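Residue numbers (the working numbering), protein chains in the order written: chain A, 1 to 370; chain B, 1 to 271; chain C, 1 to 316.
Hints are supplied without guarantee of correctness; some may be wrong.
Label-pair ranges, simulated between beta-carbon atoms [to be verified]:
#1 L10(B) with A169(C): 47 to 53 angstroms
#2 Q204(C) with G137(A): 40 to 46 angstroms
#3 S44(B) with L308(C): 49 to 55 angstroms
#4 D334(A) with Q158(B): 54 to 60 angstroms
#5 S163(A) with F115(B): 21 to 27 angstroms
#6 L319(A) with P4(B): 36 to 42 angstroms
#7 G171(C) with P4(B): 57 to 63 angstroms
Here are some chain A residues the structure puts well away from chain C; computed CB gaps all over 12 angstroms [as the list claims (entries may be wrong)]:
#8 E55
#9 T60
#10 L91
#11 G185
#12 E283
Think of the hints as simulated: they come from the structure by calculation, not from any bench. Values in this document were obtained by computation on a predicted structure and should not be read as measured data. We treat Cβ as the ideally placed atom computed from N, Cα and C, and that holds for glycine.
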Amino acid sequence: MGYIELMDISKSYNKQSNVLNGIDLNIEKGEFFVLVGPSGSGKSTLLRMIAGLEEISGGTLKINEKIVNHLPPKDRNLSMVFQNYALYPHLTVEQNILFGLNARKIDKQVQKKRLEETAKLMGLSDLLKRKPRELSGGQRQRVALARAVVSEAPLCLMDEPLSNLDAKLRANMRIEIRRLQKQLGLTMIYVTHDQVEAMTMGDRIMVLNDGVIQQVGEPITLYNKPSNLFVASFIGSPKMNLGKAVLTDDHLIIEEELKIPINSTQIETNIKNKNLIIGIRAENLPLGSNGEETYEIEVVNVEQLGNETLVSFEVGSELWTAKWLGQWLGKVGDKVPVHISIENIHFFDAHTGNLIQAASNTNKQEVVKI
Amino acid sequence: MTVPISRKILFYILLMISALVIFAPVIMAFVMSFMDNKDIMTGSLPQTLSFDNYVKAFEKFPLLKYLFNSLVVALVITFGQLVLSSLAAYAFVFLEFKGRDFLFFLFIATMMVPFEASIIPNFHIIRDLGWIDKYLGLTVPFFAMAFGTFLLRQNYKQIPKELREASLIEGMGDFKFFLKVVLPVSKTSLVTLGAYGFLTSWNMYLWPLLSTTNDTVRTVQIGLKQLQNQEQLNDWGMIMAGAIIVIIPTLVLLFLGQKKLQKGLTEGAIK
Amino acid sequence: MSMSNPTLESLENEISEINFEQIKKKQRLKSFAKGMLFLLPSIVLFGAFLFYPLFKTIYLSFFLTNAQGETTVFVGLQNYIDMFASPVFQQSMKSTFLFVLYTVPTTVVIALFLAVLANEKLKGIGLFRTIFSSTMGISVAAASVFWLYMFHPSIGFLNKMLEIFGIDAIGWLTDPKWALLAVSATTIWMNLGFTFLILLGGLQSIDSYLYESADIDGASYFYKLRRITIPMLSPTLFFVITVTIINAFQTFGQIDILTQGGPQNTTNLIVYSIYREAFANYQFGTASAQSIVLFIIILVMTVLQFKLGERKVHYQ
């Protein structure tokens, strides 16, 4: 049994269509759990239901083996960090941090001790007398975190806490939050729309779309074995290249353009002649040496990132992107051979969007090679 | 943007003429209040200036008493309006309960009932309560205020909902959140509304005229009317001295808070 | 519901479900009570001093009363019939509408002129803004006293001016031809401050990039005024016009001090008429009937403001 258990949780407003549907989920103690999905997917609603800020329309929510559906937020023993930090603008940093402890009427001596510890941990000791408007974005973020830390609640909920920060600061805070969570042994539920955050921070990730769970698993699993087209295109950057495909006896034909020879042992036989969608990651489309399994493509765009190069080309009606290490100095309009290997291809059912067969070749070796 | 000099000069001339015309009655009254009555009657320029008219006004009339009454009435109304409006606005923004929309409609409806149209029963109510010539009768009927509620509601809506949610997680009740967070955060609007409330209640005329029959709680506006009424001798210097005393508190308030009032009133009304 | 095989878990679920319903009901009741607690003071006072008196006024308008205001004889619509037949009331209505016609457009046009002037970014503009808004801080009693002097037949400023140009003195407040105009002038002066302040606020909330892009296009001052300022200001203008109209219908103080409704009832505006009927003649029945007329006029004005200005002026 997990620390937090969601059983068939659903949410509807005004008894109309459900915002969330049949959510079943277990979160372990000490786990960093990320809820990720596009805006409107219901991830924030789910978090707010766990917090007690939204009523649960159906199902059961247990925290620490106790049903808490009916409990107000304060009795659920948790802390929460909001996207806009929710700092009280008229109070100093110190008063902001102690706000909750005051509300819970905790002894002044204890308050003082906890404040000192937390301020030191978060590097806020010199800022205690300032008002929020006198702080930088990163400092405000830290105060918001300090408020969660000082409460000593074992469960911490975060709702897109980094989306108001600039990219550089965000990368720093990712590491900091992650370290803090491990250090304090917190159970964390973290909501984000940013798949990079999800991949880099989560012990496990849940991908949510339209109020329905798409997949739950470790980051690398989601990347290597996306259970459907939504997860496949949502996780990973640049996003996975997709294309309509048909499987004949000895060929895979993508977008009626690329013809890849196969031998039958590589593919489950029952998907032949089905409508398929195949997917292939950008890093699995290397520049080919004029040998086997290469296909001539015409470059339509080149993006130089310094350490790698993104090359776009058209496959039928789709625009594909290949990611090549190093600096490739080709131009738009160049004809270039690209290597496509059958073992890097994911197969999805075109009708349901579900994964039929994941790529047999994972990227493990490549990392070793570099 | 650069304004050509010629246009600047034109604007200054227009501004100064307008200011002079608008302020002329006040300037005249101000000068007259220091003038000898003989000079006023003959219409000559002031020969001597003195505080005699002010001294006379205070001696002949209980002006100090009137001023005190007005101050009490204006402060009590202002305070009452702030308390009731801020409480009501809180309910409309932060609380969710059945019938809230209906009550909000009711508040809007109050703006369609002019006080003047219901003044007869109101007078009878105050009389039957024994509140004639009492501060209570002068103040209590004006505590509830739809405009103030709307103005504060507009302001409370700017407060991020997350502040309330964070306080919910900490276990803070509504009334405490109202006192400790909402009121301090909306301080500026409260001051604006307070200034507006003070201004209008200090300047009230019809109701104090009806609900006071003697000097005990009579306000300075009605005092001014008496001053003007009973002075058949045309002692204009003294009357003007009285009028200047009446407008000083509100003018000072207006000069201090003109910017905020302008912003606040526009926000409360149009959004 | 499975009666036959109550496993431990389903039993637990059932119990908790029952609890949820009760708790939810309790919470809903609690939040209702809390909401009412916050609103109660306002509701009670609105009830006592606004809604109840309104209905009482309607009730009274169907009765004759004694001097204490107690109802004596039910007369149905007779008060209304008498009222509309009364030449004094007809004169009062005529004066009131004329008064609105004299004051509202003039106030708004002058205030708009002042607001446009004061919206320029010039040195010392703050002082002019303060002066223009100053009449808002001047009470009706004080303003009336100021203008009482201005209109004074022998020593008043206006007649002194006429004297210089060799024009005969005018009985501003005693001549039926002039009295309503004199009262209107006083009212316009008094309302300028408030109207100016609101219009200035409206002007300042117009985005400056609109003017900047017009400048790049080389638009003239008056072109900008006509094509940007006035259209962008229209919600504020609309608000100001309705408020000024409503205020005009509620005019009382300046009448009481300047003319007491005279001469020949030419300045006997509706609120003053109600006041005199009720508190000088003790005719509470007919006074109530007049109050209802006033109420309906204001009601129509307010509804008009909400309906027509819905898109621009809204409180929701």
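Does the structure break any of the earlier hints, and which numbers would those be?
Violated hints: 1, 2, 5, 6, 7, 8 and 9; rest satisfied.
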